[in-house]
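Participant: Fit chain V to the known structure of chain H by using the hints.
Residue numbers (the UniProt record's numbering), protein chains in the order written: chain H, 1 to 288; chain V, 1 to 288.
Mixed in with the good hints there might be a few duds.
[Said to hold, decoys possible] Derived CB-CB ranges, DEER-like:
hint : chain 1 : residue 1 : chain 2 : residue 2 : range
1    : V       : 34        : H       : 76        : 33 to 41 Å
2    : V       : 219       : H       : 191       : 54 to 62 Å
3    : H       : 83        : V       : 119       : 33 to 41 Å
[Said to hold, decoys possible] Chain V is nowhere near these chain H residues, computed Cβ spacing over 12 Å in every case:
hint : residue
4    : 39
5    : 227
6    : 231
7    : 255
8    : 270
Calculated from the structure, these hints are not laboratory results.
On a predicted model such as this, the values are computed, not experimentally measured, just so you know.
Ideal Cβ placement from N, Cα and C applies to all residues, glycine included.
There are 2 protein chains.
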Amino acid sequence: MLGPGDDAALVSAPDGRVVVTTDLLLEGRHFRRDWSSAYDIGRKAAAQNLADVSAMGAEPTAIVVGLGLPAATGTAWVDGLADGFREECALVGASVVGGDIARSADGVVIGVTALGDLGGRAPVTRSGARPGDLVAIAGRLGHAAAGLALLLAGREGFPELVEAHRRPRPPYSCGPEAARLGATAMLDVSDGLLQDLGHIAEESGVSIDLDPAALPLPGPLTEAAGALAADPLEWVLTGGDDHALAATFPQDTPLPPHWLVVGRVGEGSEVTVGGRPAGPGGWDHFRE
Amino acid sequence: MLGPGDDAALVSAPDGRVVVTTDLLLEGRHFRRDWSSAYDIGRKAAAQNLADVSAMGAEPTAIVVGLGLPAATGTAWVDGLADGFREECALVGASVVGGDIARSADGVVIGVTALGDLGGRAPVTRSGARPGDLVAIAGRLGHAAAGLALLLAGREGFPELVEAHRRPRPPYSCGPEAARLGATAMLDVSDGLLQDLGHIAEESGVSIDLDPAALPLPGPLTEAAGALAADPLEWVLTGGDDHALAATFPQDTPLPPHWLVVGRVGEGSEVTVGGRPAGPGGWDHFRE
Numbered sequence: 001m002l003g004p005g006d007d008a009a010l011v012s013a014p015d016g017r018v019v020v021t022t023d024l025l026l027e028g029r030h031f032r033r034d035w036s037s038a039y040d041i042g043r044k045a046a047a048q049n050l051a052d053v054s055a056m057g058a059e060p061t062a063i064v065v066g067l068g069l070p071a072a073t074g075t076a077w078v079d080g081l082a083d084g085f086r087e088e089c090a091l092v093g094a095s096v097v098g099g100d101i102a103r104s105a106d107g108v109v110i111g112v113t114a115l116g117d118l119g120g121r122a123p124v125t126r127s128g129a130r131p132g133d134l135v136a137i138a139g140r141l142g143h144a145a146a147g148l149a150l151l152l153a154g155r156e157g158f159p160e161l162v163e164a165h166r167r168p169r170p171p172y173s174c175g176p177e178a179a180r181l182g183a184t185a186m187l188d189v190s191d192g193l194l195q196d197l198g199h200i201a202e203e204s205g206v207s208i209d210l211d212p213a214a215l216p217l218p219g220p221l222t223e224a225a226g227a228l229a230a231d232p233l234e235w236v237l238t239g240g241d242d243h244a245l246a247a248t249f250p251q252d253t254p255l256p257p258h259w260l261v262v263g264r265v266g267e268g269s270e271v272t273v274g275g276r277p278a279g280p281g282g283w284d285h286f287r288e
Numbered sequence: 001m002l003g004p005g006d007d008a009a010l011v012s013a014p015d016g017r018v019v020v021t022t023d024l025l026l027e028g029r030h031f032r033r034d035w036s037s038a039y040d041i042g043r044k045a046a047a048q049n050l051a052d053v054s055a056m057g058a059e060p061t062a063i064v065v066g067l068g069l070p071a072a073t074g075t076a077w078v079d080g081l082a083d084g085f086r087e088e089c090a091l092v093g094a095s096v097v098g099g100d101i102a103r104s105a106d107g108v109v110i111g112v113t114a115l116g117d118l119g120g121r122a123p124v125t126r127s128g129a130r131p132g133d134l135v136a137i138a139g140r141l142g143h144a145a146a147g148l149a150l151l152l153a154g155r156e157g158f159p160e161l162v163e164a165h166r167r168p169r170p171p172y173s174c175g176p177e178a179a180r181l182g183a184t185a186m187l188d189v190s191d192g193l194l195q196d197l198g199h200i201a202e203e204s205g206v207s208i209d210l211d212p213a214a215l216p217l218p219g220p221l222t223e224a225a226g227a228l229a230a231d232p233l234e235w236v237l238t239g240g241d242d243h244a245l246a247a248t249f250p251q252d253t254p255l256p257p258h259w260l261v262v263g264r265v266g267e268g269s270e271v272t273v274g275g276r277p278a279g280p281g282g283w284d285h286f287r288e
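Bound conformation, chain H alone (with noise of 0.2 Å):
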């Protein structure tokens, strides 16, 4: 409605109320310049802030950044960055409204802040999962992962992976569509399924079983584990930044296909695989 220019950004909110959320990236920490274009570090930080709205229930409505930048950054760097923000928000109708930009010392700095607007629904939290729900999951899992550990062992090939990294794709539409189906615990996969999942449980007083049949490994993820001795369940059950959606639904919700039925949620306050426990070991705690 106001966009940059003005000491504050007007922004639609015709629910009444609006999802905020905030991430900051440090260079060398969440991205690094030799890895990624400014377009795509520019896409991804859009992209997980984007998501975090979208795992509320929410259609993005905007975001702003700001930015700190050491003083040798190019032009063309930084309108690679604005235009990796702009597209990805264009995917989702969401408009970059505001920023400010700074002098950082040393590394590039970006925060993001999103807002969205939940369209009448209720907010879809980690605390309302119940014994029997359902879980299942929308969007990639692993796929960061397996190709930040390709770049971090300088394996070519795989650019599939490699770009999923780079330039996450989280499934947007997914998250309001899980608030409109009744999803009763939902969050964007960052940290990794069982730590994320962890969080539903401890939130809802739950427990989870994830089948491990159920999950995901699709070709290139079992292949680029091959090709680095890796357990490409790990990178499913363990990476993060892929953005995917966790949800967990009443057992008798028709579901689409793009969500994909993974486990089961009991009493209890464990997040397990095949009813073996996850330890402060994590993933190690599974596998033979």
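Facilitator: Then chain V, alone, in the frame of chain H:
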């Protein structure tokens, strides 16, 4: 409505529109940990964003904070910062509803995004000033600049001015008040009165002439200027960081006493002081 702990927070936006603004503060550039306590840095970081919301004519409702912290940052420092955020927000009835913490390699990074509600009012932008309008300010000018000059010079004394540098006190309630009074343009003075009024002149296509005799020069400011052989009017005209509000009003507007008339809008495009133009050299042009 929903605070920290989920993918995103939920904030009431009864107006159906939401005001949003963001700022990035970098250690060494925007604050120094040896000059300001964590608490004061938190107060200041919140204040400058809440003031931007107020300058649109809106009531601040919430902030979210992204923090980059070096490994050695103590919890007491972080607690002090959080207290500062919370207490500055409490001044306006707003809350800290979410955040993100990352490990930074070098220096504290603070990204603050503030939201606000217009309560049905039109936003007051920078583009509505018309020839004949009054120019008025609310809040302090030059105090923070004087405090910074005292710190840079290592001068003792004048605690009120040093305090003004460490912790601005924006006149929050005056922003929505100005909107109700029919302000035609408004902004918060963050870069200096001349420079910021230049934004109104440019966006509105008008000139602005300030009356030097009307500009407030309180005792501590003239005394500190005497001690440093500085010009207090220069601090008032070019000093930022006090986050006063500057607004234009139709000339017959009955202004309450905390809105001080300091100038007049005219035809043209320049900002002048007592009829003398402000060129690229800024304040130097007015001095003799």
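Participant: If a hint holds in the structure, say so; if it doesn't, say that too.
Facilitator: Hint by hint, here is what the structure shows:
1. A beta carbon spacing of about 37 Å between residue 34/V and residue 76/H agrees with the range 33 to 41 Å that was offered as a hint.
2. The supplied range of 54 to 62 Å is met by residue 219/V and residue 191/H, whose beta-carbon atoms lie about 56 Å from each other.
3. Between residue 83/H and residue 119/V the C-beta distance comes to about 36 Å, which sits within the given range of 33 to 41 Å.
4. Against the 12 Å criterion, residue 39/H stays outside the reach of chain V, whose nearest CB is about 21 Å from its own CB.
5. Distance check for residue 227/H against chain V: the nearest CB is about 31 Å away, which clears 12 Å, and the non-interface claim stands.
6. For residue 231/H, the shortest C-beta to C-beta distance to chain V comes to about 27 Å, beyond the 12 Å cut-off, and the non-interface label holds.
7. The beta carbon of residue 255/H is kept farther than 12 Å from every beta carbon of chain V, the shortest such distance being approximately 20 Å.
8. Taking the minimum C-beta to C-beta distance to chain V, about 20 Å, the non-interface status of residue 270/H holds against the 12 Å cut.
Going down the numbered hints, you'll see the structure goes against none, and every one checks out.
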